[in-house]
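Line order of the protein sequences matches chains X and S.
If you're matching positions, the first sequence starts at 1 in the numbering used here and goes up one per residue.
If you're matching positions, the second sequence starts at 1 in the numbering used here and goes up one per residue.
The set of hints was computed from the structure by calculation and includes no laboratory data.
Treat the hints loosely; a few may be bogus.
[Unchecked claim] Keeping only pairs whose Cα atoms sit at most 30 Å apart, straight-line, the calculated DSS-like set for lysine-lysine is: (1) 185(S) x 200(S); (2) 78(X) x 185(S); (3) 200(S) x 54(X); (4) 88(X) x 78(X); (5) 54(X) x 2(X); (6) 2(X) x 88(X).
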Amino acid sequence: MKQTFQVKHAIGGRMFIDSDKHGVPYTQEAQGQGWRFTVHVPNGPMLEEVLAHKHELNVFIFQEYEDQPTLKTWYYIKDGQVEYDADKGILTIFAESRIEYYPHEYSV
Amino acid sequence: MIDVFPAAERHSADLGWLRSQPSFSFGGYHDPNRTGFSVMRVCNDDYLAPGRGFGAHPHSDMEIVSIVLDGFIRHEDNLGNSVVSSFGEVQRMSAGTGVIHTEFNASEETELRLLQLWFMPRERGLAPSYEASSFDPNKLHNALLPVVSAQGAEQMASIGQDMTIYLSKLEQGKQLAYTVEPGRKQFIYMIEGVLQVNDKQLETGDTAQVETLNELAFQADSPSFFMLIDLP
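Isolated chain X, as found in the complex (with noise of 0.2 Å):
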């Protein structure tokens, strides 16, 4: 199974950040009634853009399997719950609730 974490702009989806691409790590963990990530970015225009964009974002995680479809995860993040360290360079976005989807279980 690859799994990918995305970040992208609401509007329209631009990519802000996608780990299989820029090669970022990141982390998931439960925290409360929702979700924490912690991804290592470094202070650029990848992080601006994100925090510039913190009230509009999508979150995703796509589970890709060899032999079942890809299961999408859309995270909720309600108020703009995004923080930087930049001491330690770890974008840290917390998601309030969430909805994991199948494409293809919607007709086209």
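Got chain X; can you put chain S on it based on the hints?
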């Protein structure tokens, strides 16, 4: 003040299956000087090829209105809605805490043209909802017909924002007036035709952002189809 943004200066994208003309920054088109107006964030004039569309994707905390101008759109979402709409119908989706949906051209033969309009909600974190409404196209003629409003009504979708969307088809030479409530802003999108708005002229694809005026006077220099949005 009426600030006109001409169609000729508008961004356009052609992906083959989708021709899109966004009035504000959207996706790969990013202009920091054009990211919205009042609570309005997106105004896309989209043409979708037969049978094509936007696959399953999420939205949250956004009021999304789709107005079909030509053709047929099929909306499907994780709330259990599956609806086909055509001209004379409006779809409103309040994304709230999250909704997954698709939008496709429901026809395998004809192109779909629709306006995609996104607005920031009055309140974030509400439960998602969807509504499809219909209006009588005959009532567009020489009138400003409200098709979406905060209160909603028969033949008018409701929306989670203090705003009203009007559509109008004005015959050549005809006039209309719109009285502005203090402090309100207006966005005008020229769907088709040539229209005088006070001392400004709008042509097909032009937009106008209006602030601090007491009245708008519309006069059609040619048969005109336009949208007026009253915003906070």
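CA of residue 200(S) to CA of residue 54(X), is that 30 Å or under? 37 Å, violated
Check whether the Cα positions of residue 2(X) and residue 88(X) lie no farther apart than 30 Å. 27 Å, holds
Does the alpha-carbon distance linking residue 78(X) and residue 185(S) stay inside the 30 Å limit? Distance ~27 Å between residue 78(X) and residue 185(S) Cα, so the pair holds.
Please work out if residue 185(S) and residue 200(S) have their alpha carbons no farther apart than 30 Å. Holds, at roughly 16 Å.
Run the distance test for residue 54(X) versus residue 2(X): straight-line Cα separation, threshold 30 Å. Since the Cα atoms of residue 54(X) and residue 2(X) sit roughly 27 Å apart, the hinted pair holds (cutoff 30 Å).
Residue 88(X) and residue 78(X) were given as a pair; does the straight-line alpha-carbon distance stay at or below 30 Å? Judged against 30 Å, a Cα distance of about 25 Å means the pair holds.
Checked against the numbered hints above, the structure violates only hint 3.
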